[in-house]
Structures are given as structure tokens and as C-alpha cells.
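J.: In short: position in the sequence shown from 1, add 1, done, that's our numbering.
Possibly wrong hints are sitting among the right ones.
Stated by the list, open to error - DMTMM-like cross-link-like pairs, simulated, lysine to aspartate or glutamate; straight-line CA separation at most 25 Å:
hint, residue 1, residue 2
1, Lys-46, Asp-71
2, Lys-46, Glu-62
3, Lys-46, Asp-19
4, Lys-46, Asp-149
5, Lys-95, Asp-58
6, Lys-95, Glu-119
Quick caveat, the hints were computed from the structure, so don't treat them as lab data.
In this text the structure is predicted, and so the values were computed from the model without any measurement.
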Amino acid sequence: MAQLGTGLSAERVRANLDRVREQIAAAAARAGRDPVEVEVCAAIKYVPVDELGALADAGIEVVGENRAQDLEAKVAAHGERFEWDFIGQLQSRKVKQILPHVRLIQSLASDSALRQLERHATRDTEVLVEVNLAGEASKSGIAPDELDAFLERAAGIVRVTGLMTMPPFTEEAEASRPYFARLRELAHERSLQRLSMGTTQDFPVAVQEGATIVRIGTRLYA
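Given the sequences, and given the hints that come with them, work out the whole structure.
T.: The structure is reproduced here in C-alpha cells:
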């Protein structure tokens with residue numbers, strides 16, 4: 002997908018955000034949850050720097066970027082208007098570049114990145130560990146049976162507060178449910194509070210299964 006074209010309006014984004022929040026509220030109600038427990042992280046990989054102001058004007062508070070270089074440019078232009086998360090594949094050589102700009106890295110998934118965090122992060126640096134629940138070779142993530150050992154290695158280096166996953170792509174939101182349910186179980190068993198799961202295609206199901214962060218992109222901008 003190419004970058005979004007010019008003309009992104011705060012009014013359109015606000016209307017889309019309202020609809021997303023309505024769906025979150027409905028999904029939370031079905032699960033007996035409070036919708037305030039669910040944070041919308043706007044995925045901005047394809048949003049140009051000069052369009053980000055419309056997101057702030059629309060009431061978006063948290064944004065997630067996939068690429069380190071774009072993160073730097075966007076923070077330089079709009080740094081005070083958002084809280085910034087890193088949601089893309091975390092390359093070890095980019096860790097030092099990313100750290101000064103983000104409140105949360107959602108995608109820690111390798112020992113090489115962890116070694117760089119040991120060099121450049123503090124023990125208060127907050128991260129989520131990405132879990133590859135489907136074992137897809139094309140995706141990064143820690144295998145579930147390796148999670149405990151990885152968390153042990155991360156202890157004392159950074160503050161792991163939750164887990165993240167990307168289930169196999171599907172047009173049917175219900176197909177993602179088993180992956181979301183499994184991530185919730187893994188987090189609960191380890192007393193981890195944050196669950197980043199669910200995107201435009203399946204976020205209501207993710208909310209029903211316990212998501213505390215949903216990563217929404219095109220749904221906000223269409």
C-alpha cells in the first residue's frame with residue numbers, strides 16, 4: 002500500500018474514530034469489560050508527515066510507526082502532539098535510533114534486539130514481546146514454547162508489561178479468535194497486563210478476547 006494521498010481531514014478521521022470506539026464499546030460490553038481499558042493506537046506507516054496534524058485534531062492520542070527513519074521524521078514534526086509507539090519489526094541496529102522517541106516498543110522479538118536494549122535502554126524502558134502463535138516463517142515473534150526463557154533473559158534489562166501478536170491474515174475476523182484467546186492465556190499465566198492485538202480487520206474480536214491495545218490503520222483514514 003502506498004502512502005495515503007493528501008486531503009486527510011480531521012472531521013473524517015474523527016468520525017471514523019468515533020465509529021471504531023463505538024465498536025470497541027459494543028465488543029467490550031459483550032465480554033463484560035469496560036471500554037476504557039482499550040486503547041486505540043493509530044497505525045501511521047502510510048500517513049505522510051504533513052497529514053499527521055489531522056489525526057491530532059481528530060483526537061487521536063497514540064500513534065504507532067513501523068519504520069525507524071519515518072518515526073524520527075514524524076516525531077521531529079509532531080512530537081508533542083502524540084504518544085509514540087514502535088509497532089514494526091524491531092531490527093537490532095535500529096534500537097538505539099528508536100528508543101529516545103517512544104513510550105512503548107510493541108514488537109520485541111529477538112535476542113539480537115534484546116542485546117541492543119541491554120546496551121541502550123534503561124530498566125524502565127517498557128516493551129511488549131511479540132509472540133508468533135501460528136509459527137509463520139514470514140513473521141517475527143517468539144514461539145510460545147520459548148516465551149518463558151525469553152522473558153527470563155529480558156528480566157532486568159527492560160520492563161516487559163505485555164504481549165503482542167499478529168495472527169495469520171484473514172478476511173474472517175472470527176478466524177483470529179483462537180490466536181487472541183491464546184495470547185490472553187499466555188499473558189494471564191505470566192501476570193502480564195498489556196495485550197496488543199487486533200487490527201482493522203478483527204479488532205472487535207480482539208477486544209472480546211482481552212485486547213488492551215488495538216492497532217487501527219486504514220479504518221481511520223478511509
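J.: Each hint should be assessed against the structure and marked as holding or not.
T.: Status of the hints after comparison with the structure:
| no. | hint | result |
| --- | --- | --- |
| 1 | Lys-46 <-> Asp-71 | 8 Å, holds |
| 2 | Lys-46 <-> Glu-62 | 16 Å, holds |
| 3 | Lys-46 <-> Asp-19 | 21 Å, holds |
| 4 | Lys-46 <-> Asp-149 | 31 Å, violated |
| 5 | Lys-95 <-> Asp-58 | 30 Å, violated |
| 6 | Lys-95 <-> Glu-119 | 13 Å, holds |
This entry does not satisfy hints 4, 5, going by the numbered hints stated previously.
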